[in-house]
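Produce the entire structure from the sequences given, and follow the hints as far as they go.
Chains as they are written, first to last, in our numbering: chain R, 1 to 466; chain A, 1 to 466.
Everything labelled a hint here was simulated from the structure, so no lab data went into it. A portion of the hints provided could be inaccurate.
Stated by the list, open to error - Simulated restraints on C-beta separations:
1) A:Glu298 x R:Ser433: 41 to 47 angstroms
2) A:Ala65 x R:Ser188: 25 to 31 angstroms
3) R:Arg193 x A:Asp354: 36 to 42 angstroms
4) R:Ala157 x A:Ser264: 29 to 35 angstroms
5) R:Ser188 x A:Phe269: 51 to 57 angstroms
For every residue, glycine included, the Cβ atom is placed at its ideal position computed from N, Cα and C.
Protein chains: 2
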Amino acid sequence: MSTDSRQTSTGPRQMKLGAFLMATGHHVAAWRHPDVPANAGLDFKHYKHVAQVAEAAKFDTLFIADSVAAATGDAASRMARSDHFEPLTLVSALSAVTERIGLIVTATTSYNEPFHIARKFASLDHLSGGRAGWNLVTSDAAAEALNFGRDEHIDHAERYRRAREFHQVVTGLWDSWDDDAFVRDKASGAYYRPDGLHVLDHQGEHFKVKGPLNVARSPQGQPVVVQAGSSEAGRTLAAQTAEVVFTAQPSLAAAQAFYQDLKSRAVGFGRDPESLKIMPGMFVVVGDSEAQARDKFEAFQALVEPRVGVALLGRMLGNFDLSGYPLDEPLPALPLTQSGQQSRQALLSQLAQDENLTLAQLGRKIAGGRGHFSVVGTASQIADHWQAWFEQGAADGFNVLVPHLPGGLEDVAHKVIPELQRRGLFRRDYTGSTLREHLGLQRPANRFSAQREHRVTHTDEEGLKV
Amino acid sequence: MSTDSRQTSTGPRQMKLGAFLMATGHHVAAWRHPDVPANAGLDFKHYKHVAQVAEAAKFDTLFIADSVAAATGDAASRMARSDHFEPLTLVSALSAVTERIGLIVTATTSYNEPFHIARKFASLDHLSGGRAGWNLVTSDAAAEALNFGRDEHIDHAERYRRAREFHQVVTGLWDSWDDDAFVRDKASGAYYRPDGLHVLDHQGEHFKVKGPLNVARSPQGQPVVVQAGSSEAGRTLAAQTAEVVFTAQPSLAAAQAFYQDLKSRAVGFGRDPESLKIMPGMFVVVGDSEAQARDKFEAFQALVEPRVGVALLGRMLGNFDLSGYPLDEPLPALPLTQSGQQSRQALLSQLAQDENLTLAQLGRKIAGGRGHFSVVGTASQIADHWQAWFEQGAADGFNVLVPHLPGGLEDVAHKVIPELQRRGLFRRDYTGSTLREHLGLQRPANRFSAQREHRVTHTDEEGLKV
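Here you go:
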């Protein structure tokens with residue numbers, strides 16, 4: 001198991017794995033479980049341990065979600081949701097206690113300024129030696145809007161136009177400097193080459209940003225851009241701009257269709273399909289036997305209060321307050337959401353109908369996987385599913401969701417990962433040092449340097465020496 | 001020297017010390033010096049070393065300045081100014097490799113959202129176990145405005161009104177939760193006490209922010225609030241809201257007047273003068289003899305190009321472009337700046353007049369200390385000055401500015417600090433674990449919890465049991 005079979009970039013295709021970290025785990029009742037530190041959300045030692053477990057298992061990356069509002073109300077007071085580290089500060093600290101693993105962090109385009117986001121992620125990329133990734137999201141919750149001077153969240157179409165422009169500004173700022181602009185020549189006194197500086201001077205519908213960024217171009221050239229939108233607008237934006245897509249898919253067939261659709265769209269935008277990695281979420285509960293895995297899962301399920309499960313369901317459906325509806329009746333008909341959860345809403349409504357579930361039953365059903373494909377079983381059973389998805393055109397890898405932390409991730413690290421390694425489906429060691437290298441993503445050329453080279457070439461063709 | 005004479009909170013008054021960190025040091029030509037790593041601004045190992053040197057010397061805090069714009073232009077291309085870590089990400093990483101030292105970071109109120117700032121500093125306070133400080137500034141440079149959708153920086157009065165309200169919102173959000181709101185009771189399923197939650201619901205001239213914050217109240221209750229404004233509006237704001245003031249004072253007499261003025265103003269606002277610590281900057285070059293210190297200093301001075309010194313001068317005077325003025329003529333008459341540098345402008349104009357300096361000479365003169373009081377000499381001579389200021393009503397402590405890093409700080413740590421300790425003027429070890437404890441600042445009560453207790457008391461007086 002410890003023999004070194006280093007993968008090179010020309011070796012067989014292997015899956016990419018992200019460790020999706022919610023403080024106490026992905027199961028809504030995880031915090032109540034005796035094995036789980038209930039205060040994990042604000043315990044740096046906990047996160048340090050979890051990050052080091054993931055790194056020892058050679059995960060490509062950590063993945064940390066975010067919201068810019070606390071959850072309040074009766075059900076929220078019974079969930080571990082309102083007392084977490086802000087993720088950029090958290091992963092900056094984690095960068096100092098890890099060496100190789102990627103650090104993907106969520107930051108919203110709806111209530112931020114592109115200069116700050118460009119700068120913080122470039123800084124994180126420098127701090128970590130090239131391990132930063134930005135999960136670009138839009139904000140769909142009224143509670144978030146209310147913290148930033150608005151009465152309502154921004155409507156779907158507008159939010160995506162803003163996100164598209166936000167991405168243009170951020171990536172433009174990341175190219176403010178040539179990779180070799182900072183010469184720092186002590187003898188001559190030249191600190192940077194003036195012709196290595198590029199002023200963005202962006203003026204658009206939502207933003208006016210001059211630049212340049214006050215951070216040198218970062219080790220990865222640009223931090224990796226990640227997205228998770230599955231709506232029409234979300235897919236279009238991802239196909240244009242994302243390098244990694246995180247998605248919730250209920251079945252192999254649905255995942256195959258999504259994979260095919262997104263890769264085709266990317267090609268339609270002139271992109272190499274390999275430049276976009278699709279990583280569906282996979283919720284897993286690992287046991288030494290299937291029965292043991294089921295018992296583990298049931299121990300979490302037994303801790304779900306109906307009102308908490310239903311509150312989580314309301315959020316999954318698009319920030320609906322379902323607290324007024326009877327628990328033992330079917331899911332009521334709901335208006336099509338204006339939020340970012342349209343695809344999740346369709347998926348869950350279908351599930352409720354197919355299995356004839358009451359509201360409480362549906363809430364309990366999604367308490368662990370939250371709409372992601374779930375496998376409760378042995379390492380071998382889990383690897384079978386992942387292998388099928390990976391080899392049958394449904395995924396380039398997975399975001400791994402575990403019911404509880406750190407135990408659930410330790411189970412994956414110590415049982416599932418070795419099984420994948422035996423099958424040749426996952427690396428035994430890192431071969432690169434940056435997140436891009438782990439994921440097999442090219443380091444982007446600087447758009448301005450490329451232009452300059454292009455201009456020079458063009459001039460050369462006219463027979464001039466420049 | 002290593003005998004333990006632990007200071008208790010009831011021991012003799014001792015000075016507070018901050019290590020003011022610019023990447024390569026405070027001297028504008030430091031990066032050209034052979035002892036200095038020219039790429040320090042983006043070298044985490046460098047900052048880690050510097051932070052650990054300061055912590056081993058028992059400094060109260062690190063102090064990191066900021067600007068939200070790159071410096072561009074001919075002179076800027078010859079200064080180490082445009083390629084630094086973003087400071088909040090930097091100190092978050094430093095929090096993971098230090099244990100006791102405070103972490104004061106600058107963040108502007110002019111181009112940020114209070115929710116983000118409240119959240120990030122609360123998060124840093126949790127990450128670091130209570131060591132966070134926020135240096136609240138306003139932004140006076142047009143280059144910064146241009147990165148945030150504006151053509152001009154916000155005018156002085158407006159900027160301070162905004163800063164005042166920004167402070168109200170941030171500190172209000174820091175009190176979103178009672179210290180004991182998160183009960184996390186696994187048996188009952190109660191994660192937080194609903195009556196421990198306080199919704200700010202702020203609506204003001206500049207901001208509308210509902211809250212609550214999605215971070216529990218932090219170890220210090222509130223991160224320490226630091227300011228550096230010396231204008232009339234700056235002093236008023238500091239007297240109302242600051243817990244630490246960083247200031248540039250040219251002489252003992254001026255520092256005494258400033259100290260007296262600010263403490264009186266604080267008392268005028270109903271505050272205990274001890275709740276506001278005044279820490280002037282002290283630029284020091286340490287030698288084993290005075291002659292050696294002078295030689296050291298001259299080695300830096302010799303590396304200053306006239307155009308670079310004059311560019312720095314322009315910035316000190318309030319973002320003036322002086323590149324068109326003759327180098328060998330006196331400082332031209334300049335319009336009173338609208339920026340935050342009025343007091344610095346008056347100070348430097350006076351200096352130029354008193355010493356009859358040309359523009360180039362004045363630029364060179366401020367290349368190290370940048371208007372701060374400077375001592376070039378032995379540890380004993382430096383300690384004499386600090387002791388005089390400390391004992392004669394000019395300072396509660398100092399922000400220490402060194403020409404170069406890490407060498408300049410190592411000199412202070414290994415030579416000046418032991419001298420201060422011998423004189424009983426500085427701690428030999430930390431006695432507390434939070435920045436507030438180091439500085440002798442009270443942990444603030446939660447305004448809402450206090451109200452609630454007040455209400456209960458009031459009701460009791462009416463003979464009711466609640």
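Fill in: Hints violated by the structure (listed by number, smallest first)
As far as the earlier hints go, only 4 is violated by this structure.
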